[in-house]
Amino acid sequence: MNNKTGRLPPRLDGALLLGWALFMAWLVSGNAYWNYLHPRFMPLTAATALVMGGLGVFALVRPPRASAARTLALAVMLALALVSLPPADPFGAGPDRTAAEEEPVPEDEKGYVRINTGELYDVAENGELRNFPGPGFAVRGFVHRDPALERLGCFGLYRVALYCCFADATAVGFAVRPADGVMPADGTWVRILGKLEPAPDGAALPQPEVPGIFYASTLPGYVFSADRVVPVPAPPETFMFEWRQSEPFAY
Amino acid sequence: MFDAFSEGLVFFAQTATAIFLEAAPFLLLGSFLAALIECFVPPERMQRLFPRRAVPGVLAGLVGGLVLPVCECGIVPIVRRMLKKGVPPAPAMTYMLAAPIVNPVVMASTYTAFQGDWSMVAARTAMGAVAALVVGLIFSRLPVTDILLGPNLPDGQNDHGPACGCGHGDGETAGPRGRITAVASHTLAEFLDMGAILILGSLFAAAFKTLVPSGIMALFETDPVLAISAMMLLAILLSLCSEADAFVAASFTAFPASAKLAFLALGPMLDVKLAVMFQAVFTRRAAAILMTATPVLVFAMSLALSLLEP
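Note that the protein sequences, when read in sequence, are chains A and B. Start counting the first sequence at 1035; every next residue gets the next number (the working numbering). Start counting the second sequence at 666; every next residue gets the next number (the working numbering).
Don't read these hints as lab results, they were simulated from the structure. Do not take every clue at face value.
Coverage of chain B stretches by chain A, computed from C-beta distances (three or more under 8 Å per stretch; other residues unrestricted) [to be verified]:
#, stretch
1, 686 to 694
2, 923 to 935
Derived contacts from chain B toward chain A, CB cut-off under 8 Å, selection only [unchecked claim]:
#, residue
3, LEU674
4, VAL675
5, THR680
6, ALA681
7, VAL848
8, ALA849
9, SER850
10, ALA854
11, PHE856
12, GLY860
13, LYS874
14, THR875
15, MET882
16, ALA909
For glycine and all other residues, C-beta sits at the position ideal for the given N, C-alpha and C.
Just chain A, with the same shape it has in the complex (with noise of 0.2 Å):
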């Protein structure tokens, strides 16, 4: 092998590593990141793009010991960042996403606490329900329809926790049962506007599965009686990033 040829590798993993720079560039300027990781890390991925561009710069004009396996490693690893996109989105997104937080509050979630399923799942938790007495809340999140629930006359409302990126998501919601007795279709976007309250009797509620969702959380002993379920659109992110204590919650 010549010098020439002999330099290849390395120069080549300075050109993945501009790869991988221009990837998470992409990836911080345009709308695919919160299916990555939590948008907190924005400008952190920023800044290691930075860094990365320059190291490969570096490795372009000053090649590291050449390693093959080292280079098979990484130009999979960007191989396999490309074939994520567009990124899976299990959880109900469709292609009528609207921007709901910019709408308006709906004339019928007036005097409604707006609260996220995690939200809720820890106001229930810490036993916290009787500071909210109001008509009750409103929350969103997408439907999942499993027979020993509906034996109860109840669907699951959930919605997908991100805490850091996408392989610790976790599914967090409760059963829901609603007034008319009418279930949504399964994986749909509802809004649904009730209280939480006491499983009947302390009925043991089942703890279903979720597709796709490694781990899913059903708040015990409670169930949600909803007034109405409304269907909506899925929000521009389906992921829960932020969970508040008090209000304004993170809806």
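For this one, chain A is given, so just place chain B on it according to the hints.
Relative to the frame of chain A, chain B by itself:
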């Protein structure tokens, strides 16, 4: 069928990419710190910082974890560099295990995830500290040549020189420009070496998440021994960041606290990414100690805690 395969592949790719993206900044930081140690801290100064005797040594390693917190993704290159600079194994290995868990950032995230439950914070920190101290004491009996693999041996006993591309040995480190070049070279080499290992670990963890059926954890939540074992296995396989794992543990609401603590104590000290890094940096004997003593200690402590649970 093709659709299912295609969906699975995208899910796998997305999970692996997410883990790599999350860990890369910390590995880069660890590589940079390791390069600074290499280029600016003479071995004799590094050795003076840490006592040679076992007990003071492991205590110094523990304090090091508190004052210089580094997450598990970046710790291995730093400890490799410390050992190469002549830091005794006891404090270095204690620091490696303690820094990602006995640190203020992780304590704060645990406190937040468990909604102000100081007992979880205290128990997690104590379990991490005890495991790090005991494993550090085990390593105090081994010479560094029995811990680091050949190419990682202390300066003067390895192939470090012009071939590594850092400029050491060819007179290029003199002057500010030479020093910057040397730091960049070392950071690059360290990041590329460890990055490849991180990628392998990310692929393993993503494969686990893709292939194991959802809901499987629910099978283990009632029996304490099964729950602790399952949560420890999960901590190893998921390879979560120690700053986020408390939120995941808290979401396992049906599991007993002792099982959640097993997950929280073990994950930052041993997971798939770390196991692959250990194999690449340490001898088989040292890697075996890290991969057996740590989980055994965590299991024993978790089991003892489970006896106190109602």
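Each hint, compared with the structure:
no.	hint	in the structure
1	686 to 694	holds (count 5)
2	923 to 935	violated (count 0)
3	LEU674	7 Å, holds
4	VAL675	5 Å, holds
5	THR680	5 Å, holds
6	ALA681	6 Å, holds
7	VAL848	11 Å, violated
8	ALA849	5 Å, holds
9	SER850	7 Å, holds
10	ALA854	5 Å, holds
11	PHE856	7 Å, holds
12	GLY860	7 Å, holds
13	LYS874	6 Å, holds
14	THR875	10 Å, violated
15	MET882	5 Å, holds
16	ALA909	3 Å, holds
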